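All chains, please: the whole structure from these sequences, using the hints.
4 protein chains.
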Amino acid sequence: MSTYGTLFRVTTFGESHCASVGAVIDGCPPGLQLSAADIQVQMNRRRPGQSDLTTPRNEKDAVLLQSGLEHGVTLGTPIGLIIRNEDQRPHDYSETDLYPRPSHADYTYLEKYGVKASSGGGRSSARETAGRVAAGAIAERYLKLAYGIEIVAFVSSVGKIHIPVSETPTSVDEEVDDAPEPLSEEFRNLLATISREVVDKHPTRCPHPDTAERMKKRIVRAKDAADSIGGTVTCVIRNLPSGLGEPVFDKFEAKLAHAMLSIPATKGFEIGSGFRGTEVPGSKHNDPYVRRADGSLGTQTNWSGGVQGGITNREDVYFRVAFKPPATISQAQATAQYDGTPGSLAARGRHDPCVVPRAVPIVEAMASIVVMDLLLIQKSRQAAASLLPPITTLPATMVMPPKV
Amino acid sequence: MSTYGTLFRVTTFGESHCASVGAVIDGCPPGLQLSAADIQVQMNRRRPGQSDLTTPRNEKDAVLLQSGLEHGVTLGTPIGLIIRNEDQRPHDYSETDLYPRPSHADYTYLEKYGVKASSGGGRSSARETAGRVAAGAIAERYLKLAYGIEIVAFVSSVGKIHIPVSETPTSVDEEVDDAPEPLSEEFRNLLATISREVVDKHPTRCPHPDTAERMKKRIVRAKDAADSIGGTVTCVIRNLPSGLGEPVFDKFEAKLAHAMLSIPATKGFEIGSGFRGTEVPGSKHNDPYVRRADGSLGTQTNWSGGVQGGITNREDVYFRVAFKPPATISQAQATAQYDGTPGSLAARGRHDPCVVPRAVPIVEAMASIVVMDLLLIQKSRQAAASLLPPITTLPATMVMPPKV
Amino acid sequence: MSTYGTLFRVTTFGESHCASVGAVIDGCPPGLQLSAADIQVQMNRRRPGQSDLTTPRNEKDAVLLQSGLEHGVTLGTPIGLIIRNEDQRPHDYSETDLYPRPSHADYTYLEKYGVKASSGGGRSSARETAGRVAAGAIAERYLKLAYGIEIVAFVSSVGKIHIPVSETPTSVDEEVDDAPEPLSEEFRNLLATISREVVDKHPTRCPHPDTAERMKKRIVRAKDAADSIGGTVTCVIRNLPSGLGEPVFDKFEAKLAHAMLSIPATKGFEIGSGFRGTEVPGSKHNDPYVRRADGSLGTQTNWSGGVQGGITNREDVYFRVAFKPPATISQAQATAQYDGTPGSLAARGRHDPCVVPRAVPIVEAMASIVVMDLLLIQKSRQAAASLLPPITTLPATMVMPPKV
Amino acid sequence: MSTYGTLFRVTTFGESHCASVGAVIDGCPPGLQLSAADIQVQMNRRRPGQSDLTTPRNEKDAVLLQSGLEHGVTLGTPIGLIIRNEDQRPHDYSETDLYPRPSHADYTYLEKYGVKASSGGGRSSARETAGRVAAGAIAERYLKLAYGIEIVAFVSSVGKIHIPVSETPTSVDEEVDDAPEPLSEEFRNLLATISREVVDKHPTRCPHPDTAERMKKRIVRAKDAADSIGGTVTCVIRNLPSGLGEPVFDKFEAKLAHAMLSIPATKGFEIGSGFRGTEVPGSKHNDPYVRRADGSLGTQTNWSGGVQGGITNREDVYFRVAFKPPATISQAQATAQYDGTPGSLAARGRHDPCVVPRAVPIVEAMASIVVMDLLLIQKSRQAAASLLPPITTLPATMVMPPKV
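Residue numbers (our numbering), protein chains in the order written: chain A, 1317 to 1720; chain B, 1317 to 1720; chain C, 1317 to 1720; chain D, 1317 to 1720.
In case anyone wonders, no lab produced these hints; they're calculated from the structure. There could be a bad hint or two in this list.
Keeping only pairs whose Cα atoms sit at most 20 Å apart, straight-line, the calculated PhoX-like set for lysine-lysine is [claimed, not checked]:
id, chain 1, residue 1, chain 2, residue 2
1, A, K1600, B, K1539
2, B, K1600, A, K1539
3, D, K1539, C, K1600
Not close to chain C: a few residues of chain A, all C-beta gaps over 10 Å, as computed [stated by the list, open to error]:
id, residue
4, A1353
5, S1410
6, Y1463
7, V1481
8, K1533
9, K1539
10, D1540
11, R1607
12, D1655
13, S1702
14, L1710
Estimated spans, in silico, between C-beta atoms of each pair [what the hints assert, rightly or not]:
id, chain 1, residue 1, chain 2, residue 2, range
15, B, D1610, A, A1648, 22 to 30 Å
16, A, M1716, D, A1508, 38 to 46 Å
17, A, G1464, B, T1713, 49 to 57 Å
18, A, S1351, D, S1482, 52 to 60 Å
19, C, E1513, A, S1351, 43 to 51 Å
20, B, N1360, A, E1402, 54 to 62 Å
Small disclaimer: the values here were computed from a predicted structure and weren't measured. We put the CB at the ideal spot given by N, CA and C, even for glycine.
Printed below as a string of C-alpha cells:
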C-alpha cells in the first residue's frame, strides 16, 4: 500500500493530474533542525527537464511544508508536505485511451481497480516519487547530522555501457576457479569517495567521465529513434553503524530490496557481490576480519556489501538497481486495444528516453528511508538492553555491552 | 522482525540448538482441507542429507501441528506448528568461538544483540527456514485448490554453469542494438511446463540434464576442496490472477524481492528481464498486447515477467535469486578474533558446499506466502467494490466490473 | 502513531498553528462515487462555533481533496486531503508558556518530544480530529452505499444529567438479584431509530428533549463560571453484517475501544451492557436466540451490544464513550511552572466549556473507520473461502457456506 | 488478528482441544535473564482450579520454552513457548452442538469462519489467554529489572459489591456541583501499595477483606444457582517513566483499552476518573502541578490516571475493566438452535461462575505487553533525538534534553 516503515513511516499520495502529490512523514525524531530548502535540493535533482536527456516538462516541484515543524525544528509529530501539480485537470479521453500502453501499468491498473484514471497508470507515474524524495531528504538530514551517514547513488550503466568494476576478465572456462576478481581498486575508490557534487557534474549522473560520454550518446541515440533504453543505478551508504537490520524477515538487504523494487521501472536488485558473487568460491568470496586502526573489527574485502546475516557490519553498503527501458515510446507499436482489437499505438507527448539519471535521487531517498527506520528500531533495542543488569551466566567473551 | 504479511501472517521462531523451530500461520482461509502430510512433502525437500551434495545431518523435520485445524479442516484460527531440533543443547564454548566466521553472521549478531548464541549466528542458520517452508506449504495448498496456481523453482546456475536462456549471443558492440534476444523457445517452454517432479530428478535440482551434470561436478569439486560455491534459483509462478500487488510500496515484485532477500545467503533478485533487460531498447523490450484464445488480453512476449506497474497481468511470473557461496568452509582462513587478534580459522563439522539445491523449496515457500498475502488483499478490494452501485460518471470503456 | 487501520488506513497530520491539517486515506474501495460535499457535511458538524455552547472560533474547515479521485469517482489510490488552518503562525512565547496547563498535554508532550510546540500540546488539540472526521465521512459513504450501514452518535450525558436508559431503579441490596433491568423500551427505540437530523435539532446533540434542555443549562452554568464539564456520547451502528472483528487481539470491541480512546479527552468506553452488565447474573444477561422474520437467527435481548466473542452478530452495536471536562479553563488555578515554581494560571482566550456536542461526529468518524477496516478484512476471508472445494470431513450442520 | 504490538510483538495460537496453546514473543530485549519459573508464577495464577470459586479443571499449564534463550539469557530472537492441552481430542458432536450457547461466541465464530470448531467458540475460550499470560510475564520481568515498574491488578467488584473508592456520597441534585469527590485516602493508599501477595491472600483476589468476603458469598450464590456473575478488575501501574504513548492513534490509554477489550468477556474500560469523571467540573477535575521532593514535576491529585494527551506523566496509571457474567451456565435457557428451532439448552460440565479472580493475571499480562511495546518505541525516539546537535532556534525553556 502507500505507507512504508515501522517507526519512521512514510505515506505518499497523488498521481499525475490531481491537485497535488505529497507525503506524510511520521516518526521523525523531534529536535531536528530542518528547512524546506534542505528538502528542495533533492526535489530539484529529481525534477524532469534538467538536461536535454530528460523530459522537458518543468514541474518546479516546490515542497510546501504543512505541519510537524515550528521555528525550523521538528516537533516529533507528523510532517505533512505537498507538491502541487501544474496540470491538475484529468485529460479528456481520446482514441489513445482505448489502448493499454505495452509494458505500462494502464492495463494492470484497470484490472486491479476497475477504474481507468485519465493518466492511465494512476500512481504508476514517476510523478508519485516526488513525495518519496521529500521524505528521504528528511531522513537523510537526520542521518547526516546524527551519524555522518552518507548516501550517494550514481548511474553505473546505460544499455550495454557500464562503469568498469573489475580489472581482470573472467575466464569462461567453468573448470577454472579464477572466478570474478574482487572489485577493482578504482571502483572501490569510487565507492569510498564519490559525492553528489561529482555525480552531478555530468548530465548522465555517471561519475566515470569516459563512460558518461558514451552513455550520453546512447541516450541521445534512443531519443532520436523515438525509443528508450534502460540502465542501472549503484548506491553506496557510508558511515553506517553496525547492527542494523531485523532478522529474519526484515534483514537489511530485504528491506532495501523491497524499497528499491517499489520504485517505478525497476526489475532487479543486488547487494555486494550480487549475482556475480554466485560464481565465486567461498574461499575467495569470504571477507576475512582485520583489526582496524581504531581497534574495532573490520573486513579486509567487502564482497558482503556491508551486511552479514541481514545485519550491517559497519563496512560500506553498496547495491545496484536495474531499471528497464521506459515503456512509453513515441514510435508506433503493433499491439491490441483493451477489447483485444489489434492496432497500432504511438504515444503522444515527450517522454524520458532513459530514467536512470533522474532515478538517482529516488534511489537515495528510498535508501535513506530504509536506513532511518532500521536505525530507529535498533536504537530502541540498544537503549532497552542497556538498562538491564549485567549478564552473569555467560562467559565475558560471549557478551558485548549495549551501545546507546 | 519475525512476522511477515498483512492478512496471511507468518511468524517464525527457533534457532539451531533450542528445543524446536516453528511457525504460527495466522489468517489462513477457513475450510481448507489440510494434513500434516501436505506440509511434510516440502519439509522433506528442504531437509539436509538428501544427497551427497548436501550436508549429511539428518534432522528428520517432522512437522507437528499444534492448533488451527480439526478433523483435517482449517478453522481460520492461527495454525501453530513445531519441528523439534535433534540437538537441543547449546554447545560448549571453545577456542573456535573466539573467531567470528568470515562472511557469517556471528559478528553481526553479537554487534546487534550483545549476546553470542552458542550457534554463533543465532537465527541466521538455515535451520530457521523450516518454519517458512511449512507455512509456504499451507499457502500453496490454498493457492492450488482455489486457483490452480503452480509455483515451481529450480536451480538455474551453480558457479559459472548456467542453464542457457537465450540462443543468440549478444554483441559486445555498444553501438549495435541487437541487444539480448528474448528468452529462447527452449527456456520459455521450461518455464511453462516445469514441475517439481522433473526438478527433483537430479540431485542438483537443475532440470536441464547436461547442465545438471556439470553443476554436480562443480559442487563435488568445491566439496573436495573444503570450499563452497554459489548459484542461482529461478522460480516460475503460473496461473496467477491479474491484479495482485499493492502500489506504491507493496508492488508485487517489491514484496517478492523482500521475501527472497530475507532467505539466508541471498545477494540478488531480478524479475522478468531483470538486469539483462536494462540493455534492451524499449521498442524491443515492450510486450505487445494480443487477444488470447479465451478473448482476454495477454502479451506476446513476457519481458515484464508477469508484472507491470507492480501488479500482476496474468502472464507467468518468473524471477531469479542469487545465493552466495556458503560462508562456513572447513579450509583454514586467515582472519581475526573478536578482539582483533589475527589468526587462522577452520570450521569444524560438515557443511553444505552449495545451498541452491536445498534453497529450491525455500524460494517456493516464500513465493507462496507473498502470493497468498497479496491475493487476500486484492480479494478484499474486489469483494468490496462489487457491492457498490454502478459508476455513472465515467465512459463505459473506462470502467471494468469488479471480479469476485 | 498517526496511522490507523490495516486495509483501510488513515494517516493524519497537523496541529493548531501549522499551514494545514489533513489526512491520507489509503485502501478506499475503487469506484465509490464521492464528492467534497459528502465529506463537508460532517466537517461542518465537527466545526467549532456552531452554537453558543461551543467555542466561537470559526475555522470554516473546507476540505480540499488532493488526490485519489477523478470525475467524482475514487480510483482506489490514496485520497489526500487538507484543511487549511486560519491562524498559521506559531504564537509568541509569553509568561503563560512557563506553565503546563493542568490536566492538559503541555507537560507530557514536552516530556515525550523534548520540544515545546507554541500551541503547547502539539497534536493533542481537537484541531487534529478534522482529518479523522474527513476520513470517517469517506468510510461511511461506502458503508452506506454498499451495506446501508447507519452510524449515529448522540450526547447521552452532560455532568450528572443522563438520558434515562432503564425504567426500574436498581435495588442497592446486594443480596437481591433484581439487578439492572434491560434497557427501557424507550431507550431501545431511540437506538433503533435515531437519526443525525434528530440529533442536530438541539445544540447539545442530545435527542431526549427534556434532558437536552437540562444539559444546556448545565453547560451554560459551566461557561458562566469560567469552568467546564464532561459528558458521554453514545453511538449506535445499525445494519452491520455479522462476522466483523478479528480475534483474538483485534476483536470488534477492542478496535472500537482503541479508536474511541484515541479521541482527545476520552477516559472510558463500554459496549452493550458495559459496566452495568457486570452486576447482572448470567441467566438474565444472556441474550437468547430467536428465529427472525427472515429466517435468520437473532437475539431476543441485546445486552451483548451486537458482539459476541469479539465478532458482530448482526444485532445493533451500541457503545458509550466518556469525555472528561476540558482541561483548559479561564478561571485561575493554583499550580506550578515547568521548573516547579508554584504560581497561578488562568488560560487566555475562549474555550469549549463542554466537548461532547462537537465530539458526536468524531465518534461517528472513528466508528466508521473501524467498521470499514474490519469489513474489508472479513470480505477478504469470505471471498477466499468461497473458492475452496466443499468440506467433506465435517457434518453438514457444522459448516456454513461462505458469504461473498 | 493474533499478533499484538509494534516492537514487542506477541503472537498467540491455540484453542481448547488442539495439541497445545502458545505464543511467540518477538522483540524481547536481548540480555534479559529469564527462566521458565519466572513465567510459571503467573501461569499458575491464571490456571483454573485454584479455589472452589473457579472451575475445578486442572490443566497444570507448564510453560515449555522452545527458543530465544540460552543459558537463561534472552538472545533477542523470538521466544517460542507452548503449553500442552490435557484434552487434545476434538469432542464428538452431540445434540448440544445444535444450539449456539446464548451470549457465547459459538454463533459468531460459525458466521465468521463458516466452520464450527468442536469447542464451539474456537479461540474465544479463556484457554487462549495462557499464551498472553506467558508473554506478559516476560514483558514484566524486563520492566521490573530495567525500571522497577510494578503492575498489580485486583478484583474491585463482583456483581453489586464494590470496594469503596470514595468517602463522600454524591449528591443526586444536578444543580449541585459537589460532584464525585476525589478518591478516598484509603483507596489511594491501596493503589499506591497493593502487592500481588496481598491480592492473593483471598480467593476472590479482592484486597479489601470485608468486601472480599461478601464477594465470595455472592459467587457461591451464583454457583449454587447454576448461574454466573460479572465483576470488575482494577489495575495499577507504578514507576512508569513519563513519555509513553504514541499520539494520535496509539495513545497510552487507547492501546490499553484495545488490549483490555481483547480479553474474553470484557465489556468496558476506564482510566483514571473514567465515567465518574464526566460528572466533575474541570476546576475540580484538573490535576494541579507540584514540585516533587526530587525536584521533578508531579500532580497533586491524579484524576488523569497517569496520562495526559495520551502520554504518561510519571504518576501511577490506574484503570478498571468490566467483565460480564460468564455466558456458559448450567441452568436451562430457552433459546433457539442454529436453524432457528426453539428449544432449551443447559450447558454440560462445570464452569466458572465468575471470571474476575482468574482475570487478574490476564489483565496484568496485557498491561505489561502494552507498556513494554510503548516503552520500546519511546526509547527509540529518545535515543535518536539525543544524537542531534542542540536546538539553537528555540528559547531554552521550550526545550528539554532527551532522556536516554
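Against the structure, the hints come out as follows:
1. A:K1600 <-> B:K1539: Given pair K1600 (chain A), K1539 (chain B) holds - Cα atoms ~15 Å apart, limit 20 Å.
2. B:K1600 <-> A:K1539: Judged against 20 Å, a Cα distance of about 15 Å means the pair holds.
3. D:K1539 <-> C:K1600: The given pair, whose Cα atoms are some 15 Å apart, holds under the 20 Å limit.
4. A1353: Holds: least Cβ distance 16 Å, greater than 10 Å.
5. S1410: holds, 15 Å
6. Y1463: Label holds. Min Cβ-Cβ 19 Å, cutoff 10 Å.
7. V1481: Fine: 39 Å to the nearest Cβ keeps V1481 (chain A) off the interface.
8. K1533: Given a closest Cβ separation of 38 Å, the condition holds.
9. K1539: holds, 31 Å
10. D1540: Per Cβ check, D1540 (chain A) is outside 10 Å of chain C; nearest 35 Å; holds.
11. R1607: The assertion about R1607 (chain A) holds, with a minimum of 38 Å to chain C.
12. D1655: It holds; D1655 (chain A) is separated from chain C by about 20 Å at its closest Cβ, greater than 10 Å.
13. S1702: holds, 19 Å
14. L1710: holds, 34 Å
15. B:D1610 <-> A:A1648: 22 to 30 Å: holds, 28 Å
16. A:M1716 <-> D:A1508: 38 to 46 Å: holds, 39 Å
17. A:G1464 <-> B:T1713: 49 to 57 Å: Distance hint for G1464 (chain A), T1713 (chain B) holds at roughly 55 Å.
18. A:S1351 <-> D:S1482: 52 to 60 Å: Since S1351 (chain A) and S1482 (chain D) have Cβ atoms about 53 Å apart, the given range 52 to 60 Å holds.
19. C:E1513 <-> A:S1351: 43 to 51 Å: Cβ of E1513 (chain C) to Cβ of S1351 (chain A): about 49 Å, so the range 43 to 51 Å holds.
20. B:N1360 <-> A:E1402: 54 to 62 Å: Holds: the Cβ-Cβ distance is about 60 Å, inside 54 to 62 Å.
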